[in-house]
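From the two separate chains plus the hints, produce the assembled complex.
Chain residues, written in single-letter form:
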Amino acid sequence: MDPLAAIRDTFFQECEEQLAELETGLLAMEAGATDSETINAVFRAVHSVKGGAGAFSLDDLVRFAHGFETVLDEVRAGRLEPTADALKVMLRAADVLADLVRAARDGGGFVETETSAAELRALLGGEAGDDDAGAEEDWGDFAFTPLGVADAAEAPTAGRWRIALRPRADLYAKANETALLLRELKRLGEIEVTLETSGLPPLADLDPEAAYLAWTILLTTERERAAIAEVFDFVDGDCDLTIEQDGADPLADAFADEPPAPEAAADLDIAALIAKAQAAAEPVEAEPRSAPAPEASRARAQEPAASSAASPTIRVDLERVDRLIDLVGELVINQAMLSQRVLEAGIARASGVAMGLDELEQLTREIQDSVMAIRAQPVKSVFQRMPRLAREVAALTGKQVRLVTEGEGTEVDKTVIERLTDPLTHMIRNAIDHGLEGPEAREAAGKPAEGVVRLSAAHRSGRIVIEVADDGAGINRERVKAIAAERGLIAPDAVLSDEETDNLIFMAGFSTASEVSDISGRGVGMDVVRRSIQALGGRISIASRPGKGSTFTMSLPLTLAVLDGMVVTVAGQTLVAPLTAIVETLQPKACDVHSLGGDARVIAVRDSYVPLIDVGQALGYRATPLDAATGVALLIESEGGARAALLADDIQGQRQVVIKSLEANYRQVPGVAAATILGDGRVALILDIDTIVAVSRGADLARSERRMATAAG
Amino acid sequence: MTDIQNGGAARELISFRVGAQEFCVDIMAVREIRGWTAATALPQSPDYVRGVINLRGAVLPIVDLASRLGFASAETTARHVIIVAQIGAQQVGLLVDAVSDILTVTDAMVQPTPEVASDSAKAFIRGLIALDGRMISLIGLDHVLPDLELEAA
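Chains as they are written, first to last, in our numbering: chain A, 1 to 713; chain B, 1001 to 1153.
Worth flagging that the hints you see were computed from the coordinates, not collected in a lab.
Keep in mind the model is a prediction, meaning the values are calculated, not measured.
Be aware that a few hints might be false.
If you anchor each label on the Cβ, the simulated ranges turn out as follows [stated by the list, open to error]:
#1 A:Q13 x B:R1011: 44 to 52 angstroms
#2 B:T1104 x A:E330: 51 to 59 angstroms
#3 A:R667 x B:T1037: 15 to 23 angstroms
#4 A:E361 x B:A1038: 22 to 30 angstroms
#5 B:A1038 x A:L338: 47 to 55 angstroms
#6 A:P202 x B:T1037: 49 to 57 angstroms
#7 A:R667 x B:S1120: 41 to 49 angstroms
#8 B:S1073 x A:Q362: 39 to 47 angstroms
#9 B:I1027 x A:A354: 40 to 48 angstroms
#10 A:A590 x B:S1100: 54 to 62 angstroms
#11 B:E1075 x A:D650: 23 to 31 angstroms
#12 B:A1009 x A:E222: 50 to 58 angstroms
Calculated from the model, a selection of chain B residues having no Cβ within reach of chain A, i.e. all distances over 12 angstroms [said to hold, decoys possible]:
#13 I1027
#14 V1030
#15 T1037
#16 L1060
#17 A1078
#18 Q1090
#19 D1132
#20 R1134
All C-beta atoms in this analysis are idealised placements derived from N, C-alpha and C, irrespective of residue type, glycine included.
So that you can see chain B by itself, here it is in the shape it has in the complex (with noise of 0.2 angstroms):
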C-alpha cells in the first residue's frame, strides 16, 4: 500500500502484469480473479478473443489482454490469471500474467497520457501512475470487448 499524498479523493486499483509492462484497473470493476483455465475457441472473432469459458454457469469471454493491446501475447500456462471485470451490464475475463498488487492512489497522482502514436495507447491507457520508480498504466475498459469495430476490420 502506498501512502496516500494530498489532492483529490483516493481510490483503490488493482495492478497486474502483462509482459514486462505492469497496467492497473479500478478495483470496483473487479469481480474475482481466478486461475487459467482452456477456453473454448469461438469462430467469426478477433485474435485477441480467446473463446470463452464456463463461469459458474455463465458464458465468460476472455480477452487476451496482451493481444489487445498491442503486445506479443504468449503461451498461456497455468500460472496465468483471469481477472474477471465488469463492463457496463456484461462480465469480461481479462487474461493477464500475474496480479501485482492492491495500490492506493488520488486523482494527483495519475499523470495525463502523453502524445504517442500508438492507437491502443490512445484507446485504453486512462493515465500514467509513477510508483516506486515503476511505470503503471491505468487502463479502461469500456473498448476491451470488441463491438462494431469488428465488422470493419
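Bound-form chain A, shown alone (with noise of 0.2 angstroms):
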C-alpha cells in the first residue's frame, strides 16, 4: 500500500474512534455531565477530525465541522448552555459528521447538511449571522498574516521562496501532518526540501509526544505569497513559520550546496519524507490534546501525568493475531500430545517429569487465554451504533426511546462482534416498532410517555449473553396465534402455552406487524435473528409479559475459534459434536427402540417418539446400522427447533477444542462442519448436525433405492 493510502486509512479508523468518543460525550452531556473534560473530549472529537480532514482536502466535512465546532466552542466557554434540546441538535449533527465521513471514506455520494448546519447556526442564536460570516471568511478567504516575517513585497513573476517550518507538538496533536503539507507546495513549484534534525535529542530522551523536526523548505513558484501561506492555513499558531522571498542571493546557493539536500527537486522522495514525518507524528496522534502548546522540555515533564489517563494501544494487523492464535493452538494440542505420550510411558504422577508437564499445561492454558483475548473486543462497538438508530427509528415511528445500555465493557471475540450487528439492529428495530407503543398508548396505561430499551451483555458461565428488553405491551397472544394460524404454521385449534406462543414468532414466514412496515417490516423476520444467532453457535429466547414489555435473550460464545465439543466414537472414527446442540445424552434400551421399516427408527424419549439417526451410517461409514442397545444416544435439537437423536458407539468425553477449516485445502463436507486436532494429533471432524438430520432424512430414500437396484440385478 502507498504510504499516502495508509495514512487516509489511520485518518479514516481515527476518524471512526472520534466520532464514537463524540456521541459517547454527547450522550454524557444529556445524561447530566457538564463536566470541563466531557466538553473538551467532545470538542477534542470534532476537532481532529475537521484538522484531518483539511489535511485530505475534504471540503464538505471541514466546512460542517467547523460550524459544529464552532458550537462546541461556545459551550466549552460557557456561553451557550447544553440544554436537552442543543444537546438533540449536536447528536443530528454528529449523524451527519458520521455520514460525511463514511462519504469521504467510501466516496459515497452526496450528504445533505445543510438542515443541520442550520440547526447549528440557530443555537448560536443572534449572532449567527456573524458568526457565520466570520467562519466562511476564515474558510474561504485564505488572509494569512505570517509570522516574524519582514514584509517583502509581493513578487508577481516566478519568485523563489524560502520557507522555515518549526513544527510544535501541538500541529501534530491535531492531527496535522507536516508530510502533507510539503507535498501541498510541491504542487505549487519545484521545492527542495532540507530536513533539520539537529534538534532531535538521543532516542533516551525522546519525548514520543514532542516535535523535534525542522524543515527548510526552498519554493521557486509563481504564485503568490498567498498561495504558500494558504497551504499552513490549517497548522496557523502551531508552528514557528517564516515565508521569506529568497532572491538568487548567496545564501540560497549555499544552502542547495549543502550535502543533505535532496539531489533533485523534481525527484523529491515523498515516501521517505512521510515515513520520517510520521516517525515524529504517529506517537501524538494516537493520543491527540489541545492543551496550550509548551515548549518540548515542559511537554516531558508533563508527560506522565497526561498519558496516565487513556491506557495505551497499539494497531496490529489481525492476520498476526490469527497467526499466534494458530500457533498458539498447535502448541496446546502438542502439549496434550507430550501428557499423552508420557502418560503411555508409565511415568509415575510425582515424577519431576510428570510434575514439569503439569505445569506446562497450566502455562500452555494461560498462554491460550491470553491470546484469546487479544482477539476479544468490548461490544462496545455494536452498542454505540444502536443510539443514533434508536433516534431514527424514533423519529420514523413518532415514538419516544430511551435507549439503556449496560455491560459495554464485555468482551467477546471480535468475529462475532462483527456478526452481531446485524441481528441487534433488526433487534432494537424490532423493539421500538413492535415493542414500545406510541406515547398516547403509554400513558393512557399509566406509563410514562418515554420508552426504554434496555441493551445489555453480561458473561454468564463462559458465554456472552445479551439481552434486549423494552417496557412496551408485551406479545400479543392472540395476535400471534391468529397470525400463525392464519399463516398455516399451527392447527388453529391448537392448544399452546403463553412459552410456545411467544416462540411462534422466530418461525419462517412469521411477522407481526400487520402491515409491512418501512422500519422493521421488509419479509424478514425474528427467524432471520435466530438463524444468524445460530450461526454464531448461540441460542436466543423470549420472555414476555402483557403490559409490562418483551425481553430476548440472546447466549453466544465467546470465540469462534474454539467450540465445546462431545468426543465420540463411531465406526472406530473420532467425532466431535457441538456441545451447544445437545440437549442429553441417553442410554438406549433396546425396549425404547422402535423400527418404522427399513433402516428408520424412533426412540421413545419420555413418552415422545424421535427419530434415531446411526451417525455411521448416515456418514457412510458403515453400511449396517450398530445395535441402539450397544451405543449412546445423543439427544439434539436442530436448527429448526426439530429434534432428533444421534446413535454413536461411544462417548470419549466433553473437551474443548480448536476449530479448523477443512475449506482451505480441500473443499465442504456434507454432515461436516469443520475439523479439530485432537490430543494424539490426529485430525477428527466436528459434525454439522442440522445437515446430518437432513441428510439421513433424504438418505433413508437413496438406500432403499439403492437395495433394490442390487436385488434387481
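The structure is reproduced here in C-alpha cells:
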C-alpha cells in the first residue's frame, strides 16, 4: 500500500474512534455530565476530524465540522447552555458528521448537511449571522498573516521562496501532517526540502509526543505569497513559520549545495519524507491533546500525568493475531500429545517430568486464554451504533425512546462482534417499532410517555449473554396465534402454552406487523435473527409479560476459534458433536427403540418418539445399522427446533477443541462442519448436526433405492 | 542429474514412483515431503481421497495418486511418502510409493502425450520424458482434487 493511502486509512480509522468518542460524550452530556473534561473530549473529537479532513482536502467535511466546532466552542466557553434540545441538535450533527466521514471514505455521494448546519447556526442565536460570516471568512478567504516575517514585497513573477517550518507538538496533536504540507507545497512549484534533525535528542531522552524536526523548503513558484501561506492555513499558530522571498542571494546557493539537500527537486522522495514525518507524528496522533503548546522540554515534564488517562494501545494487523492464535492452538495440541506420551510411557505421577508437564499445561492454558483475549473486544463497538438507530427509528415511528445500554465493556471475539451488528440492529428496531407503544397509548396505560429499551451484555458461564428488553405492551399472544394459524404455521385449534406462543415469532414466514412497515417489515422477521444467532453457535429466547414488555435473551460463545464439543466414537472414527446442540445423552434400551420399516428407527424419550439417526450410517462409515442397545444416543435439537437422537458407539468425553477449516485445503463435506486436531495429533471431524439430520431423512430414500437396484440386478 | 540439452529453459522436476510407473511434477509446486501417517477418513468423498491429516495445524487432504490415476491402490505402509503440493491457494498431500530423483529438463525434452483412450491420462499427463530408457510422465496437478466432478459421479 502506498504511504499516503496508509495514512488515509489511519485517518479514517481514527475518525471512527473520534466519532464514537463524540457520540459517547454527547450522550454523557445528555445524561447530565457537564464537566469540562467531557465537553473538551467532545470538542477535541470534532476538532481532530476537522484537522485530518483538512489535510485530505475534504472540504464539505471541514466546513461542516467547523460549524459544529464553533457551537461546541461556545459550549466550552460557557456561553452556550447545553440544554436537552441543544444536545439533540448536536447528536443529529454528530450523525451527519459520521455520514460525511463515511461518504468521504467510501467515495459515497452527497450528504445533506444544510438542515443540521442551520440547526447549529440557530443554536448560536443572534450572533449566528456574524459568526457564520466569520466562519466563511475563515475558510473561504485565505487571508494570512505571516508570522515574524519581514514584510517583503509580493512578487508577481516566478520567485524563489525560503520557507522555514518548525512544527510544535500541537501541530501533530491536532492530527496535522508535515508531509502533507510539503506535498501541498510541491503542487505550487519546484521545491527543495532540507530536514533539520539537529534538535533531535538521543533516543533515551526522546519524548514521543514532542516535535523535534524542522524543515527548510526552497520553493520556486509563480504563485503569490498568499498561495504559499494558504498551505499552512491549518497549522496557523501551531508552528514557527517564516516565508521569505529568496532572491538569487548567495545564501540560497550555498544552501542548495549542502550535502544533505536532495539531489534534484523534481525527484523529491515523498515516501521517505512521509516515513520521517510519520515517525515524528504517529505517537502524537495516538493521543491528541488540545493543551496549549508547551516547549518540548516542558512537554516532557507533563507527560506522565497526561498519558495516564488513556491506556496505551497499538494497532496490529489481524492476520498476525490469527497466526499467533493458530500457533498457540498448535502448542495446546502438542502439549496434550506430550502428556499422553508421558502417560503411556508409565512415568509416575509424582515424578519430576510429570510435574513439569502439569506446569506446562497450566502455562499453555494461560497463554491460550491471553491470546484469545487479544481478539476479544468490548461489545461497545456494536452497542454505540444503537443510540443513533434508536433515534432514527423513534423519529420515524413518532415514539419516544430512551435506549439504555449496560455492560458495554463485556468482551467477546471480534468475529462474533462483527456478526452481531445485523441481528442486534433488527432487534432494536423491532423493540421500538413493535414492542413499544405510542406516547398516548403509554400514558393511557399509566406509563411514562418515553419508552425504555434496555440493551445489556454480560458474561455468564463462559458465554456472553446479550439482552434486548423493552417496557412496551408485551407480546399480543392472541394476535400471534391468529397470525400463525392464518399463515398455516399452526393448526387453528392448537393448544399452546404462553412460552410456545411467544416462540412462534421465531418461525419462518411470521411477521407480526399487520402491514409491512418501513422500519422492521420487509418480510424479514425474527427467524432471520434466530438463524444468524444460531450460525454463531448461539441461542435466542424470549420472555414476555403482557403490559410490561418483552425481553429477548441471546447467549453466544465467546469465540468462534474454539468450540465445546462432545467427543464420540463412531465406527472406529473419532468425531466431535457441538455441545450447544446436545440436549442430553441417553443409554438406549432395546425396548425403547422401534423400527418404522427400512432402517428408519425411532426412540422413545419420555413418551415422545424422536427419530434415531445412526451417525456411522449417515456419514457412510458403515453399511449396517448399529444395534442401538450397544451404543449411546445424543438427544439433539436442530436449527428448526426439531429433535432427533444421534446414535454413536461410545462417548469419550467433553472437550474444548480448536476449530480448523476443511475448506482451506479441501472443500465442504456434507455432514461435517469443520475439523479439529485432537491430543493424539490426528484430525477429528466436527459434525454438522443439522445437515446430518436433513441428509438422513433423504438418505433413507437413497439407500432403499440402491437396495432395490441391487436386488433387481 | 541430467545434462541439459539444447532447447528451451531448463526446469526442475521431482520424480516419484506409483506402482511400477514413474511420474514427475514441477519442483516449484512441491512444498515438502513427509512420511505416511494414518489419515482420518472423510465421509462423502471419492475413493482416491484417503482422508485428512494434521500438517502442523492445517488440515491436509491426502490424494492416493495410484487410485487417482487409475491404477490399483496398494495397502499403505510406513514406507509410503506424502508429497505436499501447492495447487492454487490450496495444499494437498499426494500419496506415492517413493520419491526417486530430481530431474533437470528442458521443454524440448518433454514429448507430447500420445493419443490414448484413458481419461485419466488425458486429464493428468502433460507430457512424457524419456530418460535413460525410463519413461517418466509429467503430471499436471490442476485436477487432482475433486471439484464439481464428484457431484456428477
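Tell me, which hint numbers fail for this structure? Per hint list: 2, 5, 7, 15, 16 and 18 violated.
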